[in-house]
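Quick mapping for you: the protein sequence lines, in order, are chains A and B.
Counting from 7, one number per residue, gives the positions in the first sequence under my numbering.
Counting from 7, one number per residue, gives the positions in the second sequence under my numbering.
Derived from the structure by calculation, the hints contain no laboratory data.
The structure presented is a predicted model; accordingly, all values stated were derived computationally and were not measured.
Some hints here could point you the wrong way.
When chains are identical, the list treats them as one kind, so a pair holds in a single copy or across two.
No farther apart than 25 angstroms at their CA atoms in a straight line, the calculated lysine to any residue pairs in the SDA-like style are these [to be verified]:
1) Lys52 <-> Glu142
2) Lys52 <-> Gly157
3) Lys52 <-> Arg179
4) Lys52 <-> Gly221
There are 2 protein chains.
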Amino acid sequence: MPVTITAFAASPDRGRGMARDMPVRWALEEVGRPYEVRLVSFAEMKEPAHLGLQPFGQIPTYEDGTVALFESGAIVLHIAQSHAGLLPEEPGARGRAIAWLFAALSTMEPPVLDRETAGFLEASEPWHAARQPLLESRICARLDALAASLGEAEWLVDGAFSAGDLQMVTVLRRLGSSGLLDGYPTLAAYVARAEARPAFQRAFAAQRAVFEASGGG
Amino acid sequence: MPVTITAFAASPDRGRGMARDMPVRWALEEVGRPYEVRLVSFAEMKEPAHLGLQPFGQIPTYEDGTVALFESGAIVLHIAQSHAGLLPEEPGARGRAIAWLFAALSTMEPPVLDRETAGFLEASEPWHAARQPLLESRICARLDALAASLGEAEWLVDGAFSAGDLQMVTVLRRLGSSGLLDGYPTLAAYVARAEARPAFQRAFAAQRAVFEASGGG
């Protein structure tokens, strides 16, 4: 059975590769696994058929005939653990790459999403501007630690691209136009290096094509 | 080599089992793996020796002679994948239990931590009270979905306790005295059921003993 994932029929990110199907597409491209995409509307995401696959009514999901998964982190890990190419073979390095995948989701992403959520939900509140320094300082504390750990290396673990880098870059890309990466040239270069990978480019083009076919662009 | 984890020498949670060594202790108890604990001060957490293990200067870490890990989610997953007892054998159920572990960290925890962080960092700000309804509604949207998915079942996947339940209950326990679980009797019972497990009790007592030995209590 081919791999089938779900993605937004009408992504709120307007094809910028910020939706959570992007890391899944990227991981599948990195390991060379073909996949099909089932597009779901916002209404379909809240219907029982989709909720049976994704209890929170979100995307993406992943089905390959053996497993049916939700949560992009779980899906990326599953792809990485069941194919060669996204995790080192040596157990110590492999464990560290998986730890970075979790760090991206549990340590780096929460303050990044906090700032983003405030922009969506609280932009018109009187306190929005006053909260920005706090929101940004929490992100920068994480970026400081990440930059120190990456140093001058190309990738986080033993100089080889891994699922940890894939997930970390996915989070860092959310900072997009915030300017917060401008103070971290090695991290900006790290993101650019990841985005230049052919697998990233193919995944980006595929999600972009959905947006363009829907009449956007 | 025995398993060695790190934990706070002086936990800010005052022995309530809210620090992130708790899910790691709990997982080790569930699989019956003995472990040693190295207590670290806040100063030691920011020193190079610890930063080499934990790039963000946090606890816990995990070392077993083969791997050296950080991120409690990664450690719980490693324990679950390398011992029997915390993941179903059947691939579909196993994948789903891992997806729930990620859902606990990536979907449930962020709004729970948002509310907690606001309580720490913004309690004296003029907007703190006005933001509460928003913070709580985001948590309740997740609790609604979780309660619907759990239904009347004892545990999230096929009626058997898994690493997904361990991580989800760890997050739900953070709601503690907020009262937010009062509206969800099946989720409150789910947390109580998990806390009644002998492995939870042993882990809780072990972290509590650190607090009491430090002169707390």
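Against the structure, the hints:
In the homo-oligomer, the alpha carbons of lysine 52 and glutamate 142 lie at most 25 angstroms apart only across protomers (21 angstroms), although the nearest pairing inside one protomer, at 33 angstroms, exceeds that limit. When the C-alpha separation of lysine 52 and glycine 157 is checked against a cutoff of 25 angstroms, the pair qualifies only between copies, where the shortest distance is 17 angstroms, while the shortest distance within a copy is 44 angstroms. Taking the shortest alpha-carbon separations for lysine 52 and arginine 179, neither the intra-copy value of 28 angstroms nor the inter-copy value of 27 angstroms comes in at or below 25 angstroms. In this assembly of identical chains, the alpha carbons of lysine 52 and glycine 221 lie at most 25 angstroms apart only when taken from the same copy (24 angstroms versus 51 angstroms across copies).
When each numbered hint is compared with the structure, a violation occurs for hint 3 only.
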